[in-house]
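Kindly generate the complete structure, drawing on both the sequences and the hints.
What follows is each chain in one-letter form.
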Amino acid sequence: MLTKRIIPCLDIKEGRTVKGTNFVDLRDAGDPVELGAFYAENGADELVFLDITATIDNRKTLVELVKQVARQVNIPFTVGGGIGSIEDVSALLNAGADKVSINSSVVRRPGLIDELALQFGSQCIIVAIDTRFVDGADWVHTHGGRNITALKTLEWAKEVEQRGAGEILLTSMDTDGTKAGFTNTLTAEISTHASIPIIASGGAGTMEDFFDVFTLGKADAGLAASIFHFKEIEINALKNYLAEKGIPMRI
Amino acid sequence: MNIAIIKYNAGNVASVMYALDRIGAKYTWTDDEKVIQSADKVIFPGVGEASTAMAYLKEKKLDQLIPTLKQPVLATCIGMQLLCKHSEENNTDCMGVFDVNITRFQSNTLKIPHVGWNSIQAHGENDLMKGLHETEFVYFVHSFYAPVYQDTSAICEYIQPFSAMLQKDNFFAAQFHAEISGKVGQKIIQNFLAL
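Order-wise, the sequence lines are chains H and R.
Count the first sequence with our numbering and you get residues 30 to 280, in order.
Count the second sequence with our numbering and you get residues 1041 to 1235, in order.
No lab work stands behind these hints, which were simulated from the structure alone.
These figures come from a predicted structure and were not determined experimentally.
Hints are supplied without guarantee of correctness; some may be wrong.
Stated by the list, open to error - Derived pair list, reagent style DSSO-like, types lysine-lysine, alpha-carbon separation capped at 30 Å:
| no. | chain 1 | residue 1 | chain 2 | residue 2 |
| --- | --- | --- | --- | --- |
| 1 | R | Lys1066 | H | Lys274 |
| 2 | R | Lys1151 | H | Lys89 |
| 3 | R | Lys1110 | H | Lys96 |
| 4 | R | Lys1223 | H | Lys247 |
| 5 | R | Lys1151 | H | Lys247 |
| 6 | R | Lys1223 | H | Lys260 |
| 7 | R | Lys1223 | H | Lys274 |
| 8 | R | Lys1151 | H | Lys181 |
| 9 | R | Lys1047 | H | Lys96 |
See below:
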């Protein structure tokens, strides 16, 4: 049976993981390569690396980092942050990334999704959608949630699928960082309308939150950062818990 | 050992190369007929679209070379589909090593493409799953599939049972991405290299 995926997300700045971790068993918890390999060994189904600085100067550092990760890690991994062109995607895929995640640049120019899907195939194009509830509706935001757009979240999700996105990474800016649970109603609404997989992100605080996002939220994958980095939840324990509750998991 | 990875226009093969690096295998990425013919093992990977890939293989005459190879050949994802008879993806005639047609998943309830980790079960003769459990998880990304037929060596279930692996004479094929399927994928590649 196709399993639900658990995905840790690592924020990268100048080639290092940003948020600290308390992995005492790692020599260097700030090293994304070592941390990525640790997760791959310990139950993660995929990895996401998000370059939060994403300046031109940092591009070469990022590509080098992707090569090192690809040499070490034997599960699929995605790279996101500041990707704006076919050349950016080509450099990351050639370095060994399996997928890329794009956000602000496709809001600015949606046709880029079509171009990327044609050039590289939909399977490696994830469109990240940051959403926030404002004045009674869910709106797409860019720039880490700071800027509101004129796009309604569900409509945009439909459009990115139609243009050739392979998956959607849906982050709720309302719940992100709160540890109060994922945004299950909106996630379910989008997942029901979409035929491509939905990766839910933002708000994971407990194991129950993951159960809820896979059942109530109908998500195909759940993504989180700090709760994994600080070992508040261990991925293997989470997957055992979910499997016992009847959620299909790769154990 | 001499491993040739067939070079063509379907996707990037960085992950395949890194997977071989991790197990210490040396390889050449090539579309040269002589190099491919003289290799001990041939890997035919790929991520992409069937008709574009077949057009390129024809241009390089690799479509005539590949079916005549005598050494062990491992084809993955689109590589596997191109070794079959025909693909519904843009109505493409393929190389016909495996006597089966590729069709598109159809479902009103389940998502297409089939993306993620799914279990496969060995079926009949399967030399590449030796030392593994009868059921293992591997990573899939695809919208088209080969139905189960006489050369099926592993079955996966999504929408309906389909061929996760094929095996016939010196030809071995996997619909999933062994190169990013964790320890299971690594074992499958090692088993292939040990043939």
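Checked hints:
no.: 1; hint: Lys1066/R with Lys274/H; result: violated, 45 Å
no.: 2; hint: Lys1151/R with Lys89/H; result: violated, 36 Å
no.: 3; hint: Lys1110/R with Lys96/H; result: violated, 34 Å
no.: 4; hint: Lys1223/R with Lys247/H; result: holds, 29 Å
no.: 5; hint: Lys1151/R with Lys247/H; result: holds, 12 Å
no.: 6; hint: Lys1223/R with Lys260/H; result: holds, 24 Å
no.: 7; hint: Lys1223/R with Lys274/H; result: holds, 26 Å
no.: 8; hint: Lys1151/R with Lys181/H; result: holds, 23 Å
no.: 9; hint: Lys1047/R with Lys96/H; result: holds, 20 Å
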